[in-house]
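Number of protein chains: 2
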Amino acid sequence: MSAGRHSGPLPPGSTIGILGGGQLGRMTAVAAAELGYRCHIYDPTADGPASQVAASTVAAWDDGEALDRFANAVDVVTYEFENVPVETVERLLDRVPVRPGPMALSVAQSRVEEKSFARHCGLDTAAFWGVRSLDDLAQALTVVGMPSILKTNRFGYDGKGQVTIGMDTDLRHAWDELASDDGILERRIPFEREVSVIVARGVDGATVCFPVTENEHVDGILRRSLAPAPLDAEVADAARQAAVTLATELDVVGLLAVELFIEQGRILVNEIAPRPHNSGHWTQDGAAASQFEQLVRAVVGLPLAPADALFETEMINLIGADADAWRELAAEPGAKLHLYGKAETRPGRKMGHVNRRRKPFGV
Amino acid sequence: MSAGRHSGPLPPGSTIGILGGGQLGRMTAVAAAELGYRCHIYDPTADGPASQVAASTVAAWDDGEALDRFANAVDVVTYEFENVPVETVERLLDRVPVRPGPMALSVAQSRVEEKSFARHCGLDTAAFWGVRSLDDLAQALTVVGMPSILKTNRFGYDGKGQVTIGMDTDLRHAWDELASDDGILERRIPFEREVSVIVARGVDGATVCFPVTENEHVDGILRRSLAPAPLDAEVADAARQAAVTLATELDVVGLLAVELFIEQGRILVNEIAPRPHNSGHWTQDGAAASQFEQLVRAVVGLPLAPADALFETEMINLIGADADAWRELAAEPGAKLHLYGKAETRPGRKMGHVNRRRKPFGV
Numbered sequence: 319m320s321a322g323r324h325s326g327p328l329p330p331g332s333t334i335g336i337l338g339g340g341q342l343g344r345m346t347a348v349a350a351a352e353l354g355y356r357c358h359i360y361d362p363t364a365d366g367p368a369s370q371v372a373a374s375t376v377a378a379w380d381d382g383e384a385l386d387r388f389a390n391a392v393d394v395v396t397y398e399f400e401n402v403p404v405e406t407v408e409r410l411l412d413r414v415p416v417r418p419g420p421m422a423l424s425v426a427q428s429r430v431e432e433k434s435f436a437r438h439c440g441l442d443t444a445a446f447w448g449v450r451s452l453d454d455l456a457q458a459l460t461v462v463g464m465p466s467i468l469k470t471n472r473f474g475y476d477g478k479g480q481v482t483i484g485m486d487t488d489l490r491h492a493w494d495e496l497a498s499d500d501g502i503l504e505r506r507i508p509f510e511r512e513v514s515v516i517v518a519r520g521v522d523g524a525t526v527c528f529p530v531t532e533n534e535h536v537d538g539i540l541r542r543s544l545a546p547a548p549l550d551a552e553v554a555d556a557a558r559q560a561a562v563t564l565a566t567e568l569d570v571v572g573l574l575a576v577e578l579f580i581e582q583g584r585i586l587v588n589e590i591a592p593r594p595h596n597s598g599h600w601t602q603d604g605a606a607a608s609q610f611e612q613l614v615r616a617v618v619g620l621p622l623a624p625a626d627a628l629f630e631t632e633m634i635n636l637i638g639a640d641a642d643a644w645r646e647l648a649a650e651p652g653a654k655l656h657l658y659g660k661a662e663t664r665p666g667r668k669m670g671h672v673n674r675r676r677k678p679f680g681v
Numbered sequence: 319m320s321a322g323r324h325s326g327p328l329p330p331g332s333t334i335g336i337l338g339g340g341q342l343g344r345m346t347a348v349a350a351a352e353l354g355y356r357c358h359i360y361d362p363t364a365d366g367p368a369s370q371v372a373a374s375t376v377a378a379w380d381d382g383e384a385l386d387r388f389a390n391a392v393d394v395v396t397y398e399f400e401n402v403p404v405e406t407v408e409r410l411l412d413r414v415p416v417r418p419g420p421m422a423l424s425v426a427q428s429r430v431e432e433k434s435f436a437r438h439c440g441l442d443t444a445a446f447w448g449v450r451s452l453d454d455l456a457q458a459l460t461v462v463g464m465p466s467i468l469k470t471n472r473f474g475y476d477g478k479g480q481v482t483i484g485m486d487t488d489l490r491h492a493w494d495e496l497a498s499d500d501g502i503l504e505r506r507i508p509f510e511r512e513v514s515v516i517v518a519r520g521v522d523g524a525t526v527c528f529p530v531t532e533n534e535h536v537d538g539i540l541r542r543s544l545a546p547a548p549l550d551a552e553v554a555d556a557a558r559q560a561a562v563t564l565a566t567e568l569d570v571v572g573l574l575a576v577e578l579f580i581e582q583g584r585i586l587v588n589e590i591a592p593r594p595h596n597s598g599h600w601t602q603d604g605a606a607a608s609q610f611e612q613l614v615r616a617v618v619g620l621p622l623a624p625a626d627a628l629f630e631t632e633m634i635n636l637i638g639a640d641a642d643a644w645r646e647l648a649a650e651p652g653a654k655l656h657l658y659g660k661a662e663t664r665p666g667r668k669m670g671h672v673n674r675r676r677k678p679f680g681v
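Keeping their order, the protein sequence lines are chains A and B. Quick note on numbering: the first sequence equals residues 319 to 681 in the working numbering. Quick note on numbering: the second sequence equals residues 319 to 681 in the working numbering.
Hints in this document: simulated from the structure, not taken from any laboratory. Any given hint could be a false lead.
All copies of an identical chain are treated as equivalent in the list; a pair is satisfied when it fits inside any one copy or across any two copies.
[As the list claims (entries may be wrong)] No farther apart than 20 Å at their CA atoms in a straight line, the calculated lysine to any residue pairs in the SDA-like style are these:
(1) LYS677 with ALA606
(2) LYS677 with ASP603
(3) LYS677 with ASP626
(4) LYS677 with GLU630
(5) LYS478 with LEU549
(6) LYS478 with PRO465
(7) LYS478 with ARG645
Please model the complete structure; the sequences and the hints are all you need to start from.
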């Protein structure tokens, strides 16, 4: 099947390179296969979840020769986590399109940059201040106020690298606990809801948002999502508009996930991720298209799919030993079980998820 | 994740061996990955659709050493087409369970046997007669009547190896055209509808039927399915009951697809296939579980999933050059496009399919 015109979509049979071999890469590769595309995983670690369902290269992020071979073997590249070094993406860009591009990746790698970017776009965030020393921390507290949270600026995920700061916190102790000289102090928001929006943006700049999802975190790890979130229409529209604005300003081709706090009708941008997002897993069983299909469509240049909710859907993450209940979950009528093929169960490790369709939506 | 008891289901992370590397194997492997299982494809041909999404062995059906290595590398074996030699399955059975077993495979490989088996089970079929010579053919016509169809008894698919016999047919010419000395003469039925039922049967003998599907063939190839079929409840129940009876009598663990003619409220068994079936592809987007998920559940010993229709769904096969319309199909809102990763388009070759959800079902 040929593409016909040079600038058109990549034809089925083309190969999508995916940087990162975890569960997001696995589910993207499965969605690509359904549309007739091949995938090739690049990851420093062997036998991850994604390499079970696609070709793979095991090599370091800075292995130039391996990157060049990978670039020659694929037709477009995307990434499934945002801590891929920007230099890796820049080297690939000499040979092959990388979608989303390095700007979205770079901004998403720094909490300070992502919040600054959101404000640059006219969106609200909690008060924040970059912190590079104990002296900075004292200064930051006068700007940000309390209660607040001291976080690593980079490489934090699932609540790792976070210290709460209150009236009785020993600042030196908190700074030592951070164990990084690149931090951010953020005001803790007494939010009513934590929600997220995933927007897809195509090569042509068209955007399609998935319904807003409400999220519950436990110990910093997403535990449960409910979609569509029970929000006022105006608030939901504003949340979707924030995601569209950020994706457009970052010139994303692919997905942008935006985590937001809702506080008295105000929307505050918390984090962004230019990739599939755990809070979008419900779309596999509850929406007209999954976030993974949408990512594939965006990066190969196909039109985006409608992304409406078909069912009110609850997603429960299976974390660590939760997945030991696979037998019971597989026996639960109507529960859609997704497991990631991880051989070893570890506390806090995302092993899979379950989607429960609660009722038809909008019928 | 351990199975706990020896006789329980294979735990996620186990490997399902699949004999045959075509699109049915590909879609089974994708469904297995979603549930956390690995797959290993065995096929004499390299780089088929399934080997793009799973580990694979390329070896002949009678390569004993390769079969032994394959058996040692997997935890259970299933097959995606019914022309796998029974001897291949019997060799594997020394080392690993094969589901469905050799009886279902053997019966499904012969039109004479499958129709005889259906009658043995108390089900109706069109009149038929085994034909091994031109003399047999003349004899068969006196039993079967006209119009009738002379078919190869084995290895026929998608309308290949079929000759229509009417009042003005030259029998010698028809016999020569068959080009086989193992034939079957079947009465041509003036059926009102052609339908199929796919039933899953678990290790414990439990059965779950998918809704009855109505099928339209063009030139002997399935062109379109509509599910659930618009049938009287009694006729639909009888069709499902026929499938359950056949699966149970054949001791199937896995799927059994049964093609049926409906003629004035009577149900006539036409063909059976102990594997996923083209007429069940709509279940990927229209049912509570897909036929591929159901096959995986059956062969690893998990409980079967509910198989209700969620949407009235139309499935259109993309045959040969039909798939060149991938760009338009991908742009059609709500059309779910499935392509099989076949590099070469050939006339009559199944390249993919499209599922269209027409409306919520039962709401």
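Taking the hints in turn, this is what the structure says about them:
1. Proximity of LYS677 and ALA606 under a CA criterion of 20 Å is satisfied in both settings, with 14 Å inside one chain copy and 12 Å between copies.
2. For the identical chains of this complex, LYS677 and ASP603 are neighbours both inside a copy (12 Å) and across copies (16 Å), given an alpha-carbon limit of 20 Å.
3. When the C-alpha separation of LYS677 and ASP626 is checked against a cutoff of 20 Å, the pair qualifies both within a copy, at 14 Å, and between copies, at 14 Å.
4. Taking the shortest Cα distances, LYS677 and GLU630 sit within 20 Å of each other both inside one copy (5 Å) and across copies (17 Å).
5. In this assembly of identical chains, LYS478 and LEU549 lie within 20 Å of each other by CA distance neither inside one copy nor across copies; the values are 29 Å within and 57 Å between.
6. Within a single copy, LYS478 and PRO465 get their C-alpha atoms as close as 18 Å, which meets the 20 Å cut-off; across copies the closest is 75 Å, which misses it.
7. In this assembly of identical chains, the alpha carbons of LYS478 and ARG645 never lie at most 20 Å apart, being 30 Å within a copy and 44 Å across copies at closest.
Figure legend: structure checked against the earlier numbered hints; hints not met, in rising order: 5, 7.
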